[in-house]
Amino acid sequence: MITGGRIVRLAERDRAEVHFLLDGEKRGALAGDTVLTAMLASGHALRNSEFGSEPRAGFCLMGACQDCWVWQEEGPRLRACTTLISEGMRLRTQPPENWP
Amino acid sequence: MSAVAAPKIVIVGAGPAGIRAAATLVDAGFHPIVIDEGQRAGGQIYRRPATGFTRTPEELYGSEAAKARALHSLFDRLAEERRLTHCAGTSVIATHEGRLHVLGEGGVQMIVCDRLILATGASDRVAPVPGWQNAGVYSLGAAQIALKAQGVALGRRIVLMGSGPLLTLVGAQLVKAGADVVAVLDTSPWRQQLRGLWDLAARPAVALRGLVMRARLGGRYHAGVTLERIEADGSGVVAFRWRDAGGKERVTSCDMIGMGWHLRAETHLADIAGCAFTYDEQWQQWLPKIDEMGRAGNGLYLAGDGARLLGADGAEIAGRLAAAACLADLGHPMPSVGADLLKLKRLKRFARGLAIAFPWPGAMARALPDDAIVCRCENVTAGSIRASVEHGGGEANRVKSLSRVGMGRCQGRYCLPAAVEVITAQAGCAPKDVGRFRGQAPVRPAPVGAFLQEG
Numbered sequence: 007m008i009t010g011g012r013i014v015r016l017a018e019r020d021r022a023e024v025h026f027l028l029d030g031e032k033r034g035a036l037a038g039d040t041v042l043t044a045m046l047a048s049g050h051a052l053r054n055s056e057f058g059s060e061p062r063a064g065f066c067l068m069g070a071c072q073d074c075w076v077w078q079e080e081g082p083r084l085r086a087c088t089t090l091i092s093e094g095m096r097l098r099t100q101p102p103e104n105w106p
Numbered sequence: 065m066s067a068v069a070a071p072k073i074v075i076v077g078a079g080p081a082g083i084r085a086a087a088t089l090v091d092a093g094f095h096p097i098v099i100d101e102g103q104r105a106g107g108q109i110y111r112r113p114a115t116g117f118t119r120t121p122e123e124l125y126g127s128e129a130a131k132a133r134a135l136h137s138l139f140d141r142l143a144e145e146r147r148l149t150h151c152a153g154t155s156v157i158a159t160h161e162g163r164l165h166v167l168g169e170g171g172v173q174m175i176v177c178d179r180l181i182l183a184t185g186a187s188d189r190v191a192p193v194p195g196w197q198n199a200g201v202y203s204l205g206a207a208q209i210a211l212k213a214q215g216v217a218l219g220r221r222i223v224l225m226g227s228g229p230l231l232t233l234v235g236a237q238l239v240k241a242g243a244d245v246v247a248v249l250d251t252s253p254w255r256q257q258l259r260g261l262w263d264l265a266a267r268p269a270v271a272l273r274g275l276v277m278r279a280r281l282g283g284r285y286h287a288g289v290t291l292e293r294i295e296a297d298g299s300g301v302v303a304f305r306w307r308d309a310g311g312k313e314r315v316t317s318c319d320m321i322g323m324g325w326h327l328r329a330e331t332h333l334a335d336i337a338g339c340a341f342t343y344d345e346q347w348q349q350w351l352p353k354i355d356e357m358g359r360a361g362n363g364l365y366l367a368g369d370g371a372r373l374l375g376a377d378g379a380e381i382a383g384r385l386a387a388a389a390c391l392a393d394l395g396h397p398m399p400s401v402g403a404d405l406l407k408l409k410r411l412k413r414f415a416r417g418l419a420i421a422f423p424w425p426g427a428m429a430r431a432l433p434d435d436a437i438v439c440r441c442e443n444v445t446a447g448s449i450r451a452s453v454e455h456g457g458g459e460a461n462r463v464k465s466l467s468r469v470g471m472g473r474c475q476g477r478y479c480l481p482a483a484v485e486v487i488t489a490q491a492g493c494a495p496k497d498v499g500r501f502r503g504q505a506p507v508r509p510a511p512v513g514a515f516l517q518e519g
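Quick mapping for you: the protein sequence lines, in order, are chains A and B. Going by the numbering used here, the first sequence opens with residue 7, and the numbers climb by one from there. Going by the numbering used here, the second sequence opens with residue 65, and the numbers climb by one from there.
The set of hints was computed from the structure by calculation and includes no laboratory data. Mixed in with the good hints, there may be bad ones.
Stated by the list, open to error - Listed next, the stretches of chain A that the computed footprint assigns to chain B, with coverage defined by at least 3 CB atoms under 8 Å from CB atoms of chain B:
1. 12–24
2. 64–70
3. 95–101
Backbone N, C-alpha and C define an ideal beta-carbon position, used for all residues, glycine too.
Generate the whole structure from the sequences, applying the supplied hints.
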């Protein structure tokens, strides 16, 4: 599993490993991780702000601030703090190329 | 359900208030529908990790483990016995004349109800610090949720800032879990905290527990600090600049910041349900108008931190009271409420102590530099809010439409308190004259596809 992301696992490390694709690259996470935890376990951001140059990594983690919506290869976005990661998910930090 | 004509009662929220309200209604023979955004009942304070996690309630909730266990098992039993209907992972996004628009896995559905109990809780009340839009800045609640629900720290070198009970609690919990907390910065000076002592003594055991946790933070804790600026590089936060109580400039390198000044009641649904609001000087925020039982009128009841910020114990009481009021209004015998009303009085005194000891940093928000971002959703700056006040006056909704502050995806939940301060200072009026952003449906973002179901 790639380490060196933003988050540090302090407990509950004995869970099954699941794999997902982030921007086409294979990444590992643990079953029960939210998409936010899974992405930040090996990365530093979830997306870029549409209104500034800075990357974003979530803010409230309780579904209220809407800072953590990320793109999926198949189209619909999801809220990373309230969605659990699942095997084979295909996530993107950038909108698809054909997004206006 | 046996009685076909039994009034339909919907409870929104399955935290301590929602659970107690549901249990009270079940005891009286009703079958409430409980709609909650969480996958498992418990709310934010008693939030449970997903299945497969193994820490015990004692490890997760510390001194409050027995209360968490009691609420979880009560709710699970009522759901298993089918004495209530639990809609998990589901959001109420709009309500109008007894109809609720409910967003779940299968899209948007409509639920009709005769009585509505809102137990929507609260979220962190935050004040902008220049640079807070950068990756790695979170609310204090977020740091706690990450630890409780996921077993993770959101950074390797952590600075916590703000004021209020959560600042000390989250700091102590992270330190205990093995996270590297490098500084806990309280904007309330010691002398201000002492002013709250008289009222905080209403709950001596709770106050003492807070002091013990504070002691565990040791030299990390600093009272009476001035927050200056979050520094970041292309990947997120790298340092925090602040001044200590003596005015000495300090720079602390860190990759994560948690911030919060107590709580902001989650009132969007109450607002679109037609509830009246008043500006509460003690809590320095707009709160819905209710009677002592939680009645807001027209078959609407409010309970818990979404109505009055009295914490988890107060929420359990308010949940029982709101359900009792609902039963009485339906012509059913009302459970006795005398003891609960008395307890609530003590909790209100304690809450007043917290409000005095750990005040909202209004002056800090009013003094934000023009280029500081107030709205994280759309990067609206303090300067742009000030310019729109000059242009269109100091009314919150006018400033919202001119500057777009509060227009973003969080719908003002995280910028309103600070925006009101900036407007107040520029317009030379009081917060209550500025007003508040009107709530708009949907109160959570809903994908267009969710409305395109057959039927």
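Hint-by-hint comparison with the structure:
| no. | hint | result |
| --- | --- | --- |
| 1 | 12–24 | holds (count 11) |
| 2 | 64–70 | holds (count 7) |
| 3 | 95–101 | violated (count 0) |
Against the hints set out earlier in the document, a violation occurs for number 3 only.
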